[in-house]
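Those sequence lines, one after another, are chains U and P. For the first sequence, position 39 matches number 39 in the numbering used here, and the numbering has no gaps at all. For the second sequence, position 271 matches number 271 in the numbering used here, and the numbering has no gaps at all.
Everything labelled a hint here was simulated from the structure, so no lab data went into it. There's no promise every hint is true.
As the list claims (entries may be wrong) - Here are the simulated SDA-like pairs of lysine to any residue, each with C-alpha atoms no more than 20 Å apart in a straight line: (1) U:K8 - P:K242; (2) P:K242 - U:G78; (3) P:K248 - P:K314; (4) P:K218 - U:K68; (5) P:K246 - U:I90; (6) P:K301 - P:N69.
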Amino acid sequence: MIKIEGIKLSCISCCVPDRYEFNKDLPDFDEERKQKIIESTGVVSRPVVDATQCTSDLVYQATVNLIKQTGIDPDQIGVMILVTQTPDYILPATSCI
Amino acid sequence: MNISKLTGKDIMSAKIKQVEYYLPERILTNAELEKAYPQWSAAKLEKKIGIKQRHIAGPEETSLDLATNAAKKIFKKEDKDLIDFVLFCTQSPDYLLPTSACLLQTRLGLKTDIGALDFNLGCSGYVYGLAIAKGLINAQLCKNVLLVTGETYSKFIAEDDISNRSIFGDAGTATIITYSDEDMLGEFIFGTDGNGAENLIVKGLSARNSYTLKDQEKPTLYMNGPEIFNFTIDTIPPMLQKVIAKNKLQANDVDYFILHQANKYILEFLISEIGLDTGKCHIDMLNYGNTVSNTIPIALKDSLDQSKINNGDKVLLAGFGVGYSWGSTIITI
Numbered sequence: 001m002i003k004i005e006g007i008k009l010s011c012i013s014c015c016v017p018d019r020y021e022f023n024k025d026l027p028d029f030d031e032e033r034k035q036k037i038i039e040s041t042g043v044v045s046r047p048v049v050d051a052t053q054c055t056s057d058l059v060y061q062a063t064v065n066l067i068k069q070t071g072i073d074p075d076q077i078g079v080m081i082l083v084t085q086t087p088d089y090i091l092p093a094t095s096c097i
Numbered sequence: 001m002n003i004s005k006l007t008g009k010d011i012m013s014a015k016i017k018q019v020e021y022y023l024p025e026r027i028l029t030n031a032e033l034e035k036a037y038p039q040w041s042a043a044k045l046e047k048k049i050g051i052k053q054r055h056i057a058g059p060e061e062t063s064l065d066l067a068t069n070a071a072k073k074i075f076k077k078e079d080k081d082l083i084d085f086v087l088f089c090t091q092s093p094d095y096l097l098p099t100s101a102c103l104l105q106t107r108l109g110l111k112t113d114i115g116a117l118d119f120n121l122g123c124s125g126y127v128y129g130l131a132i133a134k135g136l137i138n139a140q141l142c143k144n145v146l147l148v149t150g151e152t153y154s155k156f157i158a159e160d161d162i163s164n165r166s167i168f169g170d171a172g173t174a175t176i177i178t179y180s181d182e183d184m185l186g187e188f189i190f191g192t193d194g195n196g197a198e199n200l201i202v203k204g205l206s207a208r209n210s211y212t213l214k215d216q217e218k219p220t221l222y223m224n225g226p227e228i229f230n231f232t233i234d235t236i237p238p239m240l241q242k243v244i245a246k247n248k249l250q251a252n253d254v255d256y257f258i259l260h261q262a263n264k265y266i267l268e269f270l271i272s273e274i275g276l277d278t279g280k281c282h283i284d285m286l287n288y289g290n291t292v293s294n295t296i297p298i299a300l301k302d303s304l305d306q307s308k309i310n311n312g313d314k315v316l317l318a319g320f321g322v323g324y325s326w327g328s329t330i331i332t333i
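For reference, chain U alone in the conformation it holds in the complex:
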């Protein structure tokens, strides 16, 4: 059995889509209501995928950035865990794609 003394989180990389939606542009709300929403939620804008982008596109880009930043050899990766509730397909698993 492999005995490992400790584990550390060595690097984090994130990716958000280029396109942003602004809460000030929310349709069907008057200015006062929109201002209230922005104040109460603390959210001014949100990155939103376009029709062609999926979860795998976002995590792929984040992973490419991660590899660049850390200089880690992709062959050193032993397991990939993809956490999502919006997979590309019902099956197969998005981590395989």
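Following the hints, complete the assembly by docking chain P onto the known chain U.
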């Protein structure tokens, strides 16, 4: 590094404590298939793929229902309050979200101070579930893992798709993996190659298709049988050699082989290709069909009940398929 921190006693190990399965009541026989597709012969079908009938979930019956029923069988014998982690392997969950494992926690009345998660793997899923359970227990994150598998591929299969209808069956299984003094779950081999993703896929109602269903009434399974066959015969023989070597065994030391019960044709091809003793290899999908991630736990339970495997036996488990994803381990009964 502080070596004294770790002693033999600190390191927990894992073993399979119980396995149960549940099959839906409705049965689809080869005779029914022959009636629907007169060009197919029921007898020929059975001879070639080794399947006579498969259980099919009812219209209102889901993978969660099947897994729940399997787990309830286990909790007739085991204390459900000991479960401190739930792993649910399915590719046909009740919902996109929330997680089926969370729904299962409530269905079974498990404690709320436990972890629960789903993972999306098919024919390799049970082996991966054992690996995750072993990792959780060995890292002392929990002590008793409930690993369930549940699949209703039938809901993805088109009415006129005789070849997939003849192969796939629905089922649910439940396994308890618990801490142990001895390591009864051996070393694992894993494999992944997304180049094969297109050969076993459900495209409809997916994010990649903007959740649209073009001409189909429901999400539909596509399988490229010949490509899956080629993948299997290329990948599985070397995987079995690797897992035997990694467990520091010889092929003769393995008492029994439980490979994913894809169909009889492919299993017989694999067994003769590798040169395994047929008497040591499980081939039984006659009454179940290919139940995806359920085939290995069903085979394990049947083999235990029929005393094909007994205490102390080394049993090789190997899953392979959709993804592509494959994995193998050797367990001690």
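Tell me the hint numbers this structure goes against, listed in increasing order.
Numbers 1, 4 and 5 - these are the hints that the structure violates, sorted from lowest upward.
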